[in-house]
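Asks: Residues per chain are reported as follows:
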Amino acid sequence: MTDAIRTPAFEAKPKVSPLYDPKVRSLVFQAVLCLVIAFLLYQAYANAVENLRRAKIASGLGFWDNIAGFPISQSLIYYSEASSSYGRAFWVGLLNTLLVASIGIVLATILGFIVGIARLSRNFLVAKIAYWYVEIVRNLPLLLQLLFWYNAVIKALPEVRDSISFPGGIYLNNRGFIFPTPNFGEAFWLVTVTFWAGVLGALFYRAYARKKQEATGIQSPVGLTAFGLIVGLPLAVFLLAGMPLSFQFPQAGRFNITGGVSLLPEFLALLFGLVIYTAAFIAEAVRAGILAVSKGQTEAAYALGLTPKNTLNLVVIPQAMRVIIPPLTSHYLNLTKNSSLAVFVGYPDLVNIFTGTVLNQTGQAIEVVAITMLVYLTISLTTSLIMNWYNARKALVER
Amino acid sequence: MKKIIASLAGVALGAIAVASAAQAQGTSTLAAVKARGVLNCGSNTGLAGFGQPDAQGNWNGLDVEYCRAIAAAIFNDPAKVKFVPLSAKDRFTALQSGEVDVLVRNTTWTMSRDTSLGLNFEAINYYDGQGFMVKKSIKVASAKELSGASICVQQGTTTELNLADFFRANKMELKAVTFATNDETIKAYDAGRCDAFTTDASGLYAERLRLAKPDDHMVLPEIISKEPLGPVVRHGDDQWYDIVMWTHYAMVTAEELGVTKANVDERLKSETPDIRRLLGVEGKHGEALGLTNAWAYQIVKHVGNYGESFDRTVGAGSPLKISRSQNNLWNKGGLQYAPPIR
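Read top to bottom, the protein sequences are chains A and B.
If you read the first sequence in the numbering used here, its first letter stands for residue 1, the second for the next number, and so on.
If you read the second sequence in the numbering used here, its first letter stands for residue 400, the second for the next number, and so on.
Hints should not be assumed to be uniformly reliable.
Unchecked claim - So the derived list for chain A, only partly shown, Cβ under 7 angstroms to chain B, looks like this: (1) Arg53; (2) Ala55; (3) Ala58; (4) Gly60; (5) Glu81; (6) Ser84; (7) Ser85; (8) Ile117; (9) Ser121; (10) Ile154; (11) Phe255; (12) Gly259; (13) Gly346.
Hints were generated in silico from the structure; no laboratory data involved.
C-beta: ideal position from N, C-alpha, C; glycine also.
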């Protein structure tokens, strides 16, 4: 910047001792600061290594392939306490964390948007219920809520013998929510392929409809067509293929209902707790976003003859999203990080399995905690990255 | 320039601080405890009979009395102990990092803990074994019938591993539900989340008393593992290791010789050589430990012998009423055996 306006008079400035040159000084100070930080980090590292060596505590990642030998109550991948390694246990925990976090994020977003809009409702009862929900949930510690939900789930649900049974082989008791295992027949791939083809077709149709509307002003039934393509077409193929799907129904066993897929009460309690807690924060972000859109926008939309529904969808929400997305990102990150409270309700997430049992069995606190920190950092940064990309897309295009 | 010099000096001081913090770990634990004036003892967060604070906040239990005995040997005052409640999962880290001087927290002695954790186990102050508790209503008479049952277990314990081994060895299906603390584990069992609860047998009897309806539950006969419980210290301080180990042996020896809290003063005048050596009337055994020669006298005077401590905390004189059996003296059919003090 200075290059452009530099004149010969400035170039011939008097020679200053480097000691008093502000540029040199600031460079020196920054270099010294960097050195100090590097030195302290190195000291901390060397200190830890030296202390571990002196105390003869095992270090390194040699434990990774050792047999874990402890049971895990829920795993998305194959895990056996007899033959799986600590490394495998790590992946089981990580997947369990991602499972509860991803389902939690989706549900919390849906609930948060509903409650946020409900708070602005003109209906007194709806607005007040949403208000009290947000105020109560936001101001109680999450751990307390998790313990409440866990106790509510296992205490309120009946014992195995008195399971509540729903039609279709679905059972609910204090061991979880149990439903039949689907067995996919050989021809089922046809249905899967049709489904994805339907999704693709719907996307194309939407793009076509938009172009058509911009060119001619004629609207097309996008919602109905998409439904037909995504749900109707696969259903038709499913029926034509002779329904290649059967169910293995749960049966009453010696202690519990066996067979079937079961959602553990620990999972349900954690999911409930996280969703209900985070949704209250998201609701506030949504409310703030909608209130940030000036009233003139709504009035202008009405003046143009838009219906209230179209006003909300086409005018208010797109503008509100710009305000909502940044706080939404941090609530997503919070939900993911808060899922580490799982250990208090016995859900086998990463912290429960890895910094809990694995750390204790191997005694290698530094390695285990460092890996866990790295994992949460990676998850958080990835979520931020995706949300920032989404935010950039939604941001106001400045010309 | 002055500023630069000042900041460099600051860095140097910081470096020295870091370096000296590193060295602090290397100094004698006994000297550190004496300088602090109080023993930091890692204890259970609450297990009846072993380590639990009462309504007034006074700690009591077999492990707690062990800590008091160490304090009595060092300070001649059993009250100079700070109890640091630790969960099963945090206990070793707390000891490794120097937060506590000794860990007496119903901890099972295993080879991997003794070797790869940088810790040393010392003596066995309670011989235990793992068992199961079930609701009477599920009509199970043996642990071998538990295939497919949900089992509540505490995380970070040998219990967790023994459980997996037992089910594997008997080709049974295991559904374990793991919790961070004993409290959450027993609460979940009491609420009906699991069919069975497993921990050391002593713990089963202690926890049964805390259930809503103790009579609806029973302890199964099988003991599926060896659980030798004892105190743990860090590697690398042999003097401290000796003090903690001989505290237990002094209490066992006192019981063997019939020296009790009540008669210890009178036994000072005893002619029996073993008693004279134990109580420091003869020999300089205490000084060799870095303590006074009256170290064992102080232990018995303030805390009592092993049998007294056992009866008061877990045995006949306590609500748990656990029989001495394996924990009796070696010459009375048990396993408690102390090397001679001479």
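Asks: If a hint holds in the structure, say so; if it does not, say that too.
Replies: Outcome of the hint check:
{"no.": "1", "hint": "Arg53", "result": "10 angstroms, violated"}
{"no.": "2", "hint": "Ala55", "result": "4 angstroms, holds"}
{"no.": "3", "hint": "Ala58", "result": "4 angstroms, holds"}
{"no.": "4", "hint": "Gly60", "result": "11 angstroms, violated"}
{"no.": "5", "hint": "Glu81", "result": "4 angstroms, holds"}
{"no.": "6", "hint": "Ser84", "result": "11 angstroms, violated"}
{"no.": "7", "hint": "Ser85", "result": "14 angstroms, violated"}
{"no.": "8", "hint": "Ile117", "result": "37 angstroms, violated"}
{"no.": "9", "hint": "Ser121", "result": "38 angstroms, violated"}
{"no.": "10", "hint": "Ile154", "result": "5 angstroms, holds"}
{"no.": "11", "hint": "Phe255", "result": "4 angstroms, holds"}
{"no.": "12", "hint": "Gly259", "result": "11 angstroms, violated"}
{"no.": "13", "hint": "Gly346", "result": "5 angstroms, holds"}
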